[in-house]
Structures are given as C-alpha cells and as structure tokens.
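Assemble chain G onto chain B, guided by the hints.
Number of protein chains: 2
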Amino acid sequence: MLRTHNNGELRIANVNEIVTLCGWVQRTRDKGGMIWIDLRDRYGITQLMLEEGKTPKEAIETARSLGREFVISVTGTVVERLSKNDKLPTGDIEVKVTELSILNPAKLPPFLIEDETDGGDDIRMKYRYLDLRRNPVRQNLILRHKMAQEVRSYLDKQGFIEVETPVLIKSTPEGARDFVVPSRMNPGEFYALPQSPQTFKQLLMVSGFDRYFQIVKCFRDEDLRADRQPEFTQIDCEMSFIEQEDILQMFEGLIRQLFQNLKGLEINEISRMTYAHAMKYYGSDKPDIRFGMEFYELKSEEVDLTSGKNFPVFDAASVVVGINAKGCAEYTRKQADELTDFVKRPQIGAKGLIYVRYNADGSIKSSVDKFYSEEDLKKWIEAANAQPGDLLLILCGDGDKPRKQLNELRLEMGNRLGLRNPNEYSVHWVVDFPLLEHSEEENRWFAMHHPFTSPKPEDIEFLKSGDLGKIRANAYDMVINGVEVGGGSIRIFQKDLQAKMFETLGFSDEEAKHQFGFLMDAFEYGAPPHGGLAFGFDRLCSLFGGSDSIRDFIAFPKNNSGRDVMIDSPSTIDAKQLDELKIKTIV
Amino acid sequence: MLRTHNNGELRIANVNEIVTLCGWVQRTRDKGGMIWIDLRDRYGITQLMLEEGKTPKEAIETARSLGREFVISVTGTVVERLSKNDKLPTGDIEVKVTELSILNPAKLPPFLIEDETDGGDDIRMKYRYLDLRRNPVRQNLILRHKMAQEVRSYLDKQGFIEVETPVLIKSTPEGARDFVVPSRMNPGEFYALPQSPQTFKQLLMVSGFDRYFQIVKCFRDEDLRADRQPEFTQIDCEMSFIEQEDILQMFEGLIRQLFQNLKGLEINEISRMTYAHAMKYYGSDKPDIRFGMEFYELKSEEVDLTSGKNFPVFDAASVVVGINAKGCAEYTRKQADELTDFVKRPQIGAKGLIYVRYNADGSIKSSVDKFYSEEDLKKWIEAANAQPGDLLLILCGDGDKPRKQLNELRLEMGNRLGLRNPNEYSVHWVVDFPLLEHSEEENRWFAMHHPFTSPKPEDIEFLKSGDLGKIRANAYDMVINGVEVGGGSIRIFQKDLQAKMFETLGFSDEEAKHQFGFLMDAFEYGAPPHGGLAFGFDRLCSLFGGSDSIRDFIAFPKNNSGRDVMIDSPSTIDAKQLDELKIKTIV
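So the protein lines, in turn, are chains B and G.
Residue numbering for the first sequence follows this note's numbering, starting at 168 and increasing by one per position.
Residue numbering for the second sequence follows this note's numbering, starting at 168 and increasing by one per position.
These are calculated hints, taken from the structure and not from any lab test.
All clues stand as given, with none of them false.
The list makes no distinction among identical chains, and a pair is therefore deemed to hold if it is satisfied within one copy or across any two copies.
Capping the alpha-carbon separation at 27 Å, the derived lysine-lysine pairs in DSSO-like fashion look like this:
| no. | residue 1 | residue 2 |
| --- | --- | --- |
| 1 | Lys430 | Lys324 |
| 2 | Lys680 | Lys274 |
| 3 | Lys293 | Lys667 |
| 4 | Lys743 | Lys680 |
| 5 | Lys274 | Lys667 |
| 6 | Lys384 | Lys324 |
| 7 | Lys274 | Lys662 |
| 8 | Lys545 | Lys532 |
| 9 | Lys623 | Lys571 |
| 10 | Lys637 | Lys571 |
Bound-form chain B, shown alone (with noise of 0.2 Å):
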C-alpha cells in the first residue's frame, strides 16, 4: 500500500503515530509561517500541517506548489489539533508532515469539487469523471452499491438463485423498440438487447429453478423523456408454485428491509388498492397516498349534481370531479388563476378551473356562481366532504381525461400545502390492472402489462365473449409516494391460454411462433404456475436517495440524446467494421 491509513480514520487514539496518506488537496491555507493542506479521498478529509523552520524546506517548498485536486502522498506524525472541527470525524488531530510528494499533479479543474458546485449540467456530465469526486454524487452511487448488496442478500436468503441471462438474445417487435447487434457470423441477421429477461426467467420457471432473481441491465431504444435512459437496471425475479398474495408479501419484505436497513425506518402497512379504484379517486394507477384529497364526482355514471342549470360546459361534459383543497378557501384571486394556468399548461391540457370557496363563516362564493345557487353548491360541498376554510377545485370533461389532468393538480396542491413530505415514506401496492388496453389509432388491443400476463380465473369469459376492456390481470405494482417502484403478474402457463392471448393480441400463428416457439413449446414440457415482478433500481435509488433525477444515481448517464458526452457515443465506425458485418449506413 502506499499509505497506512485513508483520511478517514485517523483518531485522537492515532497521536504519535507516523504515518502515511494519500489523496487529492482539496485545499491549501498558507498563512506565511504555517501551511494547512486539507487531503481527501473517499473515506474523508485529514488536515495536514506544515511549519516554517520545522517541517523540512523540500516538503514546504513542494506544498507551495500545490494546487487543487494535486495527488500527493505524505508522511508525518499524527498530532492532537490546537483548534478542533467537530464537523470532521478526523478533526481532532492533524498530520505534521515530514516528507511531501507529488504522485501526480492537475490541472484547474473545470468546476468546484465541493458538495455545491458551480459547474453546469452539461460541463458536469463532460467531465463526469470529476462530477464524481463530489461527495453527494458518489454518496449516492455508494447507496446504490449498499442497496445492491441489501436485495441480494436477502432474496438469497429466501431461497432466490441468481441466474444470469443473455443479453444478445432475439428482436420482438411487440413492445418499445429493441436495440439491435448485427450478426458478423451470420450476415444479415441480428441480435436484439433485452428490454427485459421475462422469456428467460419464465423458462427458468419450466426448467424447475424455482426461485429466480437477477439485477440486470435492460435496454429500450425509446425517445428519450426527462429521466429516462436507453440502459436501466431492473431487480428480476420470478417464482413458481405461488399466487398473486405469495408474491406481494415477499416483495414486502424485501422493502421493508431495504428501509429498515439503508434508512433504519420501519414501514407500517402495505395496503393494496385496485385499479379501478385508483383511477376513480386518484386519476393514477400510481397515487401518492402521503396524503388524502381523493376524488369526488359531482358528474357521472352514477351521480349528477350540475345538470339542468344551463352551464354549457358541464352540460356538454360526461365527467365532473373534483378535490377538496383543506384550508385553501382564502386562496387569493392570484393564486386561483395560478392553478387555473397551472391545469391549462400544454403537458395536461385541461379548458378551466372551475372552484367554490366554502369561506370561513360558512359563505359560498363560486367561478359558476351564474349557472348554481347556494342550493346547488352546498350539495357539491357535501359530496366534497368539505369543511368552512376548504377550496373546491373541480374538472370536467370526458372518458378519464378529466381524473387524469385532475391527478395533476391533486399533486401540485400537496406540493404546495407540504402535504409531500420526501422523507415520509408510504409504500402501497395497486392491484388487478387491466388486462387490455385498446388503441385507437392503431384500433387494436395491447396488453398493459405483457402478453404473457395472466387474466383472473374469473375473467377468463369476458376473453371469449370478445368482452375485451372487462379483463382484469393478475398483475400489480408497487407504488412509494406516487412513483411506480415495481410491477409483474402472474404469468400465463398453459399453452392454449397463451396461444389465444397471442390471438387476441392479433399475432398470426406464424408470427406467435416465430417469436415464442420456444416459450409455447416450453409450456408444453411440464410448466408450473409461477409468476414475479422487477423493480426499477435506478428508480428505487433515486427514491430512497431523495432525488427525482435517475441519472444522478447511475455512473456514467447518457443524455437526453442517447449520448456519452464524456467518452463522445455514439460515434462512427470504421468502413472496415461495416464491411465485415455486411452492413451500410443510408444517411
């Protein structure tokens, strides 16, 4: 080693001892007669002293030179601190140094290495390399390792074998896009990278294993949105002999853990919710639950309360729900029209904000005051469930447009009541999605889940009657303070199942085939009733790091574009690459 500590560790127990450190000067104080140097690796920060007319001239004449982020090694006596820092676990000594070297010198950094920096986003990604250095950045990739090691232990401790599955495996052109990795060996035909191992662990489950797990990267070759990356990790697993119920209470427990053991917080319940449910009182299939505020219908299906008053706009609508924003009926008129910019912003979409103040003293004043008496607004308010001081805030509209862009807003108005608390956790679990989604552009179904999603047993009819929308699945998701952690279902296991899954999916024989021979044939080699799920890892790190951003939790992110900018990928290759793997770019 070439030194005997890191800067970490050193001690008041340490004093006399000589040793040796190494690591990067973070910074350099000479006031003339003393130096103090700070040296920082990851461990920590351990000052070093120099004194004019003790410390040797060399090692005083090289600490002059220093400058930021300079590699050096030092030796020199551990001595007790005349002016000690609390805030450093080293602070309370110092090294006098004898001997001062430098292992490598550095230029002036692009940006401050300190936990605020002064370096843009993109510089920062440039130089990622030096982002790194920064505490917070590596804190939160060293969480990102703890986590790792927490999930694998404690599926291996439930029995999970940890199988590693291909990642040149075949294209599916159901679903987002593949990446593909032409054949040299085979000109003409390509690999495909794995949005997913779902096949494999399924076959795994055929092959007897079990109990599977893998955290494994995955790749989508999608538009990039904000915070999304073309390569992610998933937490993989896969279990067989089980139900929905077995599932969601192993997986249970490995958050509980995780919390407990990254975070030392206990979870309380982990509730369950159906989709339908959730859609109705929440507009998401991923509510955050930190807070109330759910839903109420003042039109629909079953419930009518603004008909018959000649305002055009809920006339003409199917739906009219609405929130309950507890306390906010002194809103001012700002504030009101904030929110109303708020829900009218392009990304959600909606014509107005209708509202009803149930003032204080039990007055009511509306935007629809025109069109309903007080009459009419006291049963909203009732419906509401609102209290004198509580601001209704109501969307109308059609199908689930209105919950949807109502879920926004519901979601700003904790935002801005603080009803949001990160360091609060709420983990609940949403069940029995659809098994179908229709789309009417392409006028087709897709599964919402996958097509290999099992329908309820109960539900079975509805895909015979041609009753497609009615379907529920076996699947869930997990969902932590309104961000969806994880998701799977209970799989299909019989042939025939899947065989009219595919049908309804509208693959021909031939296609289903060609794609899932392998998995059909499977099935009918003696396949078990299994099931499992995987959790986005990057966005478990995010969530239990405190942060919205994926990429401040992966080592070396891509932007926006797909790219590398520090190492600059994609790039081109060379003509003779091309000509080898038979191919030709048409740009």
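Chain G in isolation, oriented as in the chain B frame:
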C-alpha cells in the same frame, strides 16, 4: 403458496402432518394395488404413495394418467416408509396421497431428465429449459450463484464499491472485434458493447472511488473456438494507491475464501513465478504446477550437450529441451510411438520426439544411439536429474516453439501419469509479463495485456531506447491447475507515459485522442496510482465445478456459430427496423 413444503424437506419428524406438495413427476411405479410416484423439484424428491381401496378413486385414476414431467399438486399425510431409502434426504418418509391434481400435463421430453441423459449436445441445447432440469446442470448454476454471492461478500467487506459501468459504449479498433449497436437517434453512428469496463474502471479511480468491483457481462465478436462465448462474465476490480503486491494479496484472499466456503478447502502457499521462468521451465505462461517435470536444456544459449556428434536434427536446432518422465523407462515401443504421434499432431506440430530410456538396471537406450555415446547420454541424464527407471523425452527447434510443444507433451504426460488430480488445486501467480509483443505478420508491436499496462519503472529506459522486447510489465495472471483464471496489471496513470505508450503502439496523436481522449484528459486532472485485475467468472465456476467446459456453467449459452439454437437467434429483423436505424444489409 400452492404447497406447504418443498420436495426436499420432509423428515421423520413430519410424520402425521397433512402436507401439500407440487412438482414434476420423475417416475411412476404401478404395482397394481399400490402406486408410487417420485415427485421432483429443485429441492429434492419425495415419494408419494397411493393404495387401491384406500386412496380416493379419482386420485388413483389421475395417478394412472400421469406421464413423466407432468406438473402435479398433491395433498396427503406424511407416513414413515416401510423400506427406507438412505440415499434420499426424504428417504425415511412418503406421502399417502388423498388428493392429486394435474397442474399442467407434459409431452414426453426428447431426452431423459436424469443425471445421466441420453440426449446429445444439440438436442439438449435446443431444449435447454429441459436440460436445466437435470440435477448436474442445476447444481452448476447453483454453484455459480453461490460463488457470485461469496465474491461480492468478500469484496464488500474489503471496502470495494460495486459500480455498474455502461453497456452501450464506444468502439475502439485496438484489440478484439467489437459488437456494435446502430443508434437510431444518431443515424450513421454506433455504440459498441464493452470487451471489458477497462477505461471506466480507471476513470472511477480518477474519481476517487478507491476500490471498485463489478460482476459484469463483456462481449467479443471473435470467431469462436471451442469454449469461447461471444458474451462472457468477468469479476472486474480496480484499486488505488496500491502496488502490485497489494493486489496479489487482496485477490489471494478472495480465492482462499472461495475455496474455503465453496469447497471446504484450505489453499496453502500461493507462489509467484516470473513469466521468464514459466516459459523456460514449463514452456507456458500458465503452467500446471501440481506436478514438477520441469524442462531441462540440452542446447540453448547457455548450454550445449548435443553438438559435434553429427546428429543433423539437433545441430540444425538452436534449442533442445526435454522433460523427465519419472518411472517410464519401461514404456513399450507402442507407448513411445503414441507420444511421437501426439507431438506430431498438427495442433502441436513437432517434427519428431527423441527419447532416452534410463533403465532400472542402469543401462541406457535411446533413439539417437547412432550419434550419442553412453557417456554423452549420461550427461543428458545428469542435466535431467533422472534416476534409473526414468524416461527422457526431448524436442528441438528454434525460438519458443520446442518449449511450447514440450508444454503440451508435459501436460499429456501429467494426464497419463495421473498427476493432474481435478480435486487437488494449486494456485499461483505468473508475474513480470513482457509489456509488448511483436507481430511478425503486421510488423508492429502490440500490448501483451492492454495499452494501459505500466512498464516496470526500471525498464522504462528500454521504452526510450527502443529495446521494446526487453520491457517487463507490472502485469500478473492467476493460474489454477494450468488454467489462467484472471489477470491484471498496474496501470499507467501519467499522461505523458500513456501518450508514449500509444505512440509505441503505432497510434497517431489524432487516433489516440479520438479513441482515448477522455482518458488522457482525465489523467491531467489528478489521477492516482492504480491497478486491478479481472477474473473470468465462467471459467472460475467451471474450475470449481471440476469441468473443462464453461458452457456447462452458463444458463443459456450460444453455440460455436454464436447462435442460441433455443430462441433461434440471431435472426432477421423487420425492414421497418432497418429503415428506422438507417442501415441496409448487403448479403
């Protein structure tokens, strides 16, 4: 859970319990009045029993309809067996069935699902999911799982941080051929799949991560020799502020722990041998040192015990080397001919084999008696340190060739003499590899390890003087039983030296900058001294599993044409996909 117990856990203590089991039908024995079924899952086999007249009729009927590999569920009572089976952990009990249902029927598998199967390689690969049901194959993957957990546990405890490096990176022409991935969002440009995370792990050292590891998939588009896979797994590690000796010790510790915890074996001394020594005495950079049989020289730059006797073959050779096959003087003519045939095989390519029998009675008989007197041969015997009863086997030629051929013969003799016991493990390091090797074909120098390997400080002068063949590297391989399981080096961390290295390898400044500019840049911002290594994880597993084939330790391997015959990949892709990627195949 669809079961109360698995098929490996019921014992005499469970007698009288009512249990539900699930699994695959291994075999059925129908003796008329009694039916026994062996029910199998990953955990073991449990015997089920049905009795005419006592077991419900439907269960009996269902039992009679079962075929091999049917998936069933049974409920019954645990009873003590009349005739116990001490080969099965569950052999003291059986389950008296009261209910039996078929969860999934199975077609007759195309080969026997037994430890010894009748299936050939091709059929087992096509139905890999059935092959994986076989106990030996599953045990291989369970060993792999355990090894992965042990590796991570050791490295985690030693302060290594697991960091995931990207899979979509940049193509570099140096080294083996890359797999590439066309970028749809950046038409005409490509990602490459990593051959190793080499540059990223070095950047992590520049970032101050200090100790990094990852068990990671790597990719090489090479023409596949037997037992090479296009995707393979490495245990990849890097450390900062260390010297070579620190790395050797750290990973000796890892290997010792793996042997201890996975095989219950204490590994004794782990010796170090220079590359020069290994080549001189074993003709190999990965000698199997479970047995001696070192080479001796009869003619070389230092010695000549052959010239001036008019034996034209030796006179024309610059090198004459031999091994001493202890106790083999009695070899028959046929055995001697076999050895001659062995070394003359095209893969080895020797022109012939000279032998000297040192008979038990002290007499000497050789295949070159015409040229060499007993006195001459006694000198050879002395050089070989042979005893009466031994047999000298001698090859000649120029340069390294005869040594490499003799290495093959030595290993063959080791096999024949039973000196290579697969259950005896010898671990050692080969160190001081040459930095560069010259390619006659391309008339240029190549990095023997990779371009980031540092020369030994005392040999740097040869880099300047152009004496390139003399430069030794701070590079090391770990060898177990003649298999290279891992290797690495201390890296260059100074920009100037790295630039000099690229220049020596024939990179123009521009090429070096284009391909590795980010690394050269990084070296300017404070790079610490660092080094590391990588183990071939597939190979390590196969070695621990006592197998020669890595394929047996990969869940879904590819064949020698890089095909996965189970999923039939690679395959053609849609014209639409090619269009989107802006590429054309030219087959």
